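Undergrad: Sequence:
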Amino acid sequence: MTRYSLAVDIGGTFTDAVLLADDGRTFVDKTLTTHGNLLEGFFRGVDLVMGRAGIAPSDVNDVVVHATTVVTNALIERKGPPVGLILTKGFTDILYIRDEHRYDMYDPQIEFAEPLIPRERTWPLDERVLADGTVEKGASEAEIATIARECRSRGIQSVAVSLINAYRNGENEALVAEIFARETPEIFVSLSSVIAPQMREYLRTSTVAINAYTVPITRPYLEALIAELERRGFTQQPLIMLSNGGVIGAARAGTLPVRMIESGPAAGALVACYFSRMFGLPDLISFDMGGTTAKACMIQNHEPLVTSTFEVDRRYRFKPGSGMPITVPSIDMIEIGAGGGSIAWVDELGLLRTGPESAGSIPGPVCYGRGGTEPCVTDADVVLGILDPDRFLGGDMKLDADGARAAIATLGARIGLTSEQAAWGMYEVVCEQMAAAARTHATDRGVDYRGLPMLAFGGAGPVHACLVADLIESTQVIYPPLASVLSAFGTLVTPAQIDLVRSQLGLIDRFDTATARDFVSQMTEEGTAALTEAGLAPADIGFVFGADLRYFGQQSELRIELPFDPRAGLDTAAMRAIFDREYVAQYGLKLDMPIELVNWHVTARGSLPDRAAAHVAKGNSRPTPRSRIVHIRGKPVETAVYSRTELMEDDPIAGPVIVEERETTIFVLPGWTIRLHPNGSLVADKITER
Numbered sequence: 002m003t004r005y006s007l008a009v010d011i012g013g014t015f016t017d018a019v020l021l022a023d024d025g026r027t028f029v030d031k032t033l034t035t036h037g038n039l040l041e042g043f044f045r046g047v048d049l050v051m052g053r054a055g056i057a058p059s060d061v062n063d064v065v066v067h068a069t070t071v072v073t074n075a076l077i078e079r080k081g082p083p084v085g086l087i088l089t090k091g092f093t094d095i096l097y098i099r100d101e102h103r104y105d106m107y108d109p110q111i112e113f114a115e116p117l118i119p120r121e122r123t124w125p126l127d128e129r130v131l132a133d134g135t136v137e138k139g140a141s142e143a144e145i146a147t148i149a150r151e152c153r154s155r156g157i158q159s160v161a162v163s164l165i166n167a168y169r170n171g172e173n174e175a176l177v178a179e180i181f182a183r184e185t186p187e188i189f190v191s192l193s194s195v196i197a198p199q200m201r202e203y204l205r206t207s208t209v210a211i212n213a214y215t216v217p218i219t220r221p222y223l224e225a226l227i228a229e230l231e232r233r234g235f236t237q238q239p240l241i242m243l244s245n246g247g248v249i250g251a252a253r254a255g256t257l258p259v260r261m262i263e264s265g266p267a268a269g270a271l272v273a274c275y276f277s278r279m280f281g282l283p284d285l286i287s288f289d290m291g292g293t294t295a296k297a298c299m300i301q302n303h304e305p306l307v308t309s310t311f312e313v314d315r316r317y318r319f320k321p322g323s324g325m326p327i328t329v330p331s332i333d334m335i336e337i338g339a340g341g342g343s344i345a346w347v348d349e350l351g352l353l354r355t356g357p358e359s360a361g362s363i364p365g366p367v368c369y370g371r372g373g374t375e376p377c378v379t380d381a382d383v384v385l386g387i388l389d390p391d392r393f394l395g396g397d398m399k400l401d402a403d404g405a406r407a408a409i410a411t412l413g414a415r416i417g418l419t420s421e422q423a424a425w426g427m428y429e430v431v432c433e434q435m436a437a438a439a440r441t442h443a444t445d446r447g448v449d450y451r452g453l454p455m456l457a458f459g460g461a462g463p464v465h466a467c468l469v470a471d472l473i474e475s476t477q478v479i480y481p482p483l484a485s486v487l488s489a490f491g492t493l494v495t496p497a498q499i500d501l502v503r504s505q506l507g508l509i510d511r512f513d514t515a516t517a518r519d520f521v522s523q524m525t526e527e528g529t530a531a532l533t534e535a536g537l538a539p540a541d542i543g544f545v546f547g548a549d550l551r552y553f554g555q556q557s558e559l560r561i562e563l564p565f566d567p568r569a570g571l572d573t574a575a576m577r578a579i580f581d582r583e584y585v586a587q588y589g590l591k592l593d594m595p596i597e598l599v600n601w602h603v604t605a606r607g608s609l610p611d612r613a614a615a616h617v618a619k620g621n622s623r624p625t626p627r628s629r630i631v632h633i634r635g636k637p638v639e640t641a642v643y644s645r646t647e648l649m650e651d652d653p654i655a656g657p658v659i660v661e662e663r664e665t666t667i668f669v670l671p672g673w674t675i676r677l678h679p680n681g682s683l684v685a686d687k688i689t690e691r
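Start counting the sequence shown at 2; every next residue gets the next number (our numbering).
Simulated from the structure, these hints should not be mistaken for laboratory data. Computed from a predicted structure; not experimentally measured. Using N, Cα and C, we set each Cβ at its ideal position, and we do this for glycine too. Hints should not be assumed to be uniformly reliable.
Okay, the calculated beta carbon distance ranges per label pair [stated by the list, open to error]:
#: 1; residue 1: Glu101; residue 2: Glu527; range: 31 to 37 Å
#: 2; residue 1: Glu179; residue 2: Asp133; range: 19 to 25 Å
#: 3; residue 1: Glu78; residue 2: Ala132; range: 35 to 41 Å
The task is simple: from the sequences and hints, build the whole structure.
TA: Written out as structure tokens, the structure reads:
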């Protein structure tokens, strides 16, 4: 019997659906994201791919995996229900005081993201836990009950609890949850000792506040998803993609929405690892450009870089510290407002800009014909001739080329450019923005990006990747099969996984082995429980161990992977050697100082799924291309146009050239060649002068 697996990735502009059979057949489609009701677009995409395959919901007998922007949307739109916050007495202004760092020392007009939970919905609790975990003062049940009843009277739907030093001992926080469950069971309670058991009070409080804010939105959403899948006849419980690149069961994900924020982008980074192994390229750049944003991630030794903290809702996109920090493991990537829907504008200096504002799916770019009036990057691609307005999404979605040209002509008139010149300017500007972001991201992490191959995907990625690669000195771009829906496909080749972190501060040379064993054992038990809920047998779960280390007296730490299981003992000599090596790679030197451990890391994961798409069909003879004029760097250039299925293996074609497939278009510049690889990918290589 054929096994089918289903994946749906909801992005800012399009919702992508992929149906994969165990014989490698794939059925894919895209539909505009329905922001008013995300599940409407979800099931529209499901119906499209199910119809293409001619199967019923009950035939989907492998997995159903979902990546979604529901959490991100909730944070950006700030339309969540009333949420409360309980803090230790004397610490109730922590979300306003933050960490006292200014992300721009010389800007007197500095702005920070407004806290999700205002002062008027914050309650102090007279309790105290010391830094070593000793309970100096227990919480009062009567005081907690009074707060619970007041929350109910004020319509509070969710409460975050972040008590001082609760990462070392969550006893008082657990009592809060117990009393709320008895007094106000309708109010969901998020505990910092469960969500983010790590040191640094502001980071922990910000993380649990974000979780509490999004739970009332995420839980009903996932419950409705589960119910509708069941009503339609699907037999599989959905798995949800997390920011760390793993998947877990929807029920647990509903209580941990803070782990879902980078859900879709993480899937893209993980599928880049899949192709790095397929091509035998340990290091490459993952470049994912959709309708709303572009994401870049560095893949090293077939694995993505991982970070323990990241930010959402930044006031300034490239300034760390200007947003709301989250301390949960996540794929380390840079994301900027540069997508097909990014709006072009002219700044006060008369310079052409694109983004970060996006037209999204409603109204979308002008060429969508859905009421958009401001010129977007996709409009520029149409005016330049890169996109065929009659073949967008295989002709199912005709584009309004005249409307796009008129909108860009109006923009160009403001700076003395023709519509084609303005369109190329938009194309160059958005590519330079993405190249600058990739350079910054790599350099900050000590990675030499020059010469690294690039994997290009997303609906708009293949359209712009060649110029981005040129700008960052890459000499090869890989366009994988299913490029437009690759993030959705990535959820199907990603193992079930959860990353756990806990703080235990101390010098590694003085660590008590028994204490370390207890910490790590608790984390492995928690990871086993989470993946068992996702359908794995305990015997199929493996663990990877890591630690955050720093030289004694430093503020920041580096994460290392441990070559041993801390439950069996600590090899401090190996820890020092690995840390010194990583420190030299990052900063160019090492110090002769004691090393301090800050956090333990445990990754619980299943094995890589045995799923793969069949190779894309190839032509039998050299095709005769069509052609059309493409305006490149201000000049009209006759450009060959091929269908992807017409290309033959290892038969390079010199650029400029366009390769069309239903869901995206590949554009290769002059000075490059493109060929079909045996695995079905297209590979563009820069022509080097001899």
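Undergrad: Now look at each hint and say whether the structure bears it out.
TA: Hint check results:
1. For the pair Glu101 and Glu527, the supplied restraint of 31 to 37 Å holds, since their beta-carbon distance comes to about 32 Å.
2. Glu179 and Asp133 have their C-beta atoms about 24 Å apart, which keeps the hinted 19 to 25 Å range intact.
3. Checked against the given bound of 35 to 41 Å, the beta carbons of Glu78 and Ala132, roughly 38 Å apart, stay inside it.
When the structure is compared with the earlier hints, no violation turns up for any of them.
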